[in-house]
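Chains E and G, in that order, give the protein sequences.
Using this note's numbering, read the first sequence as starting at 8 and increasing by one per residue.
Using this note's numbering, read the second sequence as starting at 63 and increasing by one per residue.
Be a bit skeptical, because a hint or two may be false.
As the list claims (entries may be wrong) - Some but not every residue of chain G turned toward chain E, in silico, with C-beta under 7 Å:
(1) TYR72
(2) GLN90
(3) HIS162
(4) ASP180
(5) ARG210
(6) LEU211
(7) LEU213
Simulated from the structure, these hints should not be mistaken for lab results.
Glycine included, every Cβ here is placed at the ideal spot set by N, Cα and C.
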Amino acid sequence: MNNQHPDSGDELIVRAAKDYNAPGAVPREEMWNRIVEARRSQDATLSITHSVRRTRYWVWPSVGVAAAGLIAVGVAIGRRMEQSSVEGRRLAPVAVIPRDTNGSTPTAPDARRAAPGGGVEARDSGVQGGRSTALASQAAPDDVNSSAIAYRLAVLDHVAGSEAMITAFRASAHRGDVDGQLAKWSRDLLGETRLLESSASSDDVTMKRLLEDLELVLAQIVQYTNRGTHAPDDLDLIEQSLRRRAVMSNLRNISAGRLPSGT
Amino acid sequence: MYDAHVERIYRLMHRMAGDGDLAADFTQETFIRAFQRLEQFRGDASLATWLHTIAVSVALNGMRKVKRLRVRTDTMDSIAELPGTGHHTGLTSDLRARLHAAIDALSEKLRPVFVMHDVEGYTHDEIAGTLGIPVGTSKARLFDARARLRLALAAFAGDHIV
Numbered sequence: 008m009n010n011q012h013p014d015s016g017d018e019l020i021v022r023a024a025k026d027y028n029a030p031g032a033v034p035r036e037e038m039w040n041r042i043v044e045a046r047r048s049q050d051a052t053l054s055i056t057h058s059v060r061r062t063r064y065w066v067w068p069s070v071g072v073a074a075a076g077l078i079a080v081g082v083a084i085g086r087r088m089e090q091s092s093v094e095g096r097r098l099a100p101v102a103v104i105p106r107d108t109n110g111s112t113p114t115a116p117d118a119r120r121a122a123p124g125g126g127v128e129a130r131d132s133g134v135q136g137g138r139s140t141a142l143a144s145q146a147a148p149d150d151v152n153s154s155a156i157a158y159r160l161a162v163l164d165h166v167a168g169s170e171a172m173i174t175a176f177r178a179s180a181h182r183g184d185v186d187g188q189l190a191k192w193s194r195d196l197l198g199e200t201r202l203l204e205s206s207a208s209s210d211d212v213t214m215k216r217l218l219e220d221l222e223l224v225l226a227q228i229v230q231y232t233n234r235g236t237h238a239p240d241d242l243d244l245i246e247q248s249l250r251r252r253a254v255m256s257n258l259r260n261i262s263a264g265r266l267p268s269g270t
Numbered sequence: 063m064y065d066a067h068v069e070r071i072y073r074l075m076h077r078m079a080g081d082g083d084l085a086a087d088f089t090q091e092t093f094i095r096a097f098q099r100l101e102q103f104r105g106d107a108s109l110a111t112w113l114h115t116i117a118v119s120v121a122l123n124g125m126r127k128v129k130r131l132r133v134r135t136d137t138m139d140s141i142a143e144l145p146g147t148g149h150h151t152g153l154t155s156d157l158r159a160r161l162h163a164a165i166d167a168l169s170e171k172l173r174p175v176f177v178m179h180d181v182e183g184y185t186h187d188e189i190a191g192t193l194g195i196p197v198g199t200s201k202a203r204l205f206d207a208r209a210r211l212r213l214a215l216a217a218f219a220g221d222h223i224v
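Produce the complete structure using the sequences and hints provided.
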């Protein structure tokens, strides 16, 4: 097969290199199952994904430059929307509440359904909650859209960083040399994950579930790095969490503009 | 497609990544992308070459992510600090350890060529097709990689290598 034969000096190198990173048994079935799972989720690609991908094409270069700031922007806008929702509740008396055919005031869930694109979600219940939700969602649809885009961009950036960190962590942990840099990285990502989760824009159930799964794994990694004992059992638990929720596949799917599996 | 190529792809991914989990991740990603882009496969190259091109790209990107915030401890400079210098006892294991560290430290251009040719036995035609480079470039990179490895091991193995 080789058409460039090594000289005598190279022969030793070639011989000694034969067991370089020697592979074991090929986990055919395990890999195939994950591929099928990923393919299934890929088939479920929806317009929401295409819109994210389109956005990524033109915004991505600038996103790369201001990656860290983007997360802050996404969360800040989310927080602002939440605040404006609260203010909306204070101004509730001026709102005009549409009545149904029976003339009754819609309840909070009805109002939530009426909000365009899922809008800003009311956190309280009852008539006042429904009133404020309708007001907030009618007041600033542009804000809601820009908030959703900023949030999604922030999540995309966060997902890429998380994937890189987990990949690096797995490689390091298997070699038994998890360093302080990785520990800090995982702590930062855990904090960002929680910020994104708590953002008011996180009304996307799929994304929220992914963030919850990610939070669990990151919390385990942070514990693992903090403990310093680096017990194999702890590492197994992390691997189990990653596998059970297909976290890596889902992170990659999001990065590639595909929906996570199980949606 | 999966059954026919998974073995070879996984082997190459493992050689590149040095870790079973990473190799499995890279292999999965390769096939996911291949299935996704199957319609774009024009038949200019063989299916195997096309798959290998995706695989090497996935592996290099993946390894870049791994290395991004890591400073490798086993660089060429540190190879000289490994135990066993000047001793001929335990030559094989020491030599292998040094060689493997030296292969790890090869550049992104040289390592895939060396691993594919000298470790996995791919031809220069296959490597050239996979990496999208001329056959002559593949040969030159292999020559360069071997020279660097010889240099890295010279102090240790003396007359055995140079």
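Outcome of the hint check:
| no. | hint | in the structure |
| --- | --- | --- |
| 1 | TYR72 | 5 Å, holds |
| 2 | GLN90 | 5 Å, holds |
| 3 | HIS162 | 5 Å, holds |
| 4 | ASP180 | 5 Å, holds |
| 5 | ARG210 | 10 Å, violated |
| 6 | LEU211 | 5 Å, holds |
| 7 | LEU213 | 11 Å, violated |
When held up to the earlier numbered hints, the structure conflicts with 5 and 7 and fits the remainder.
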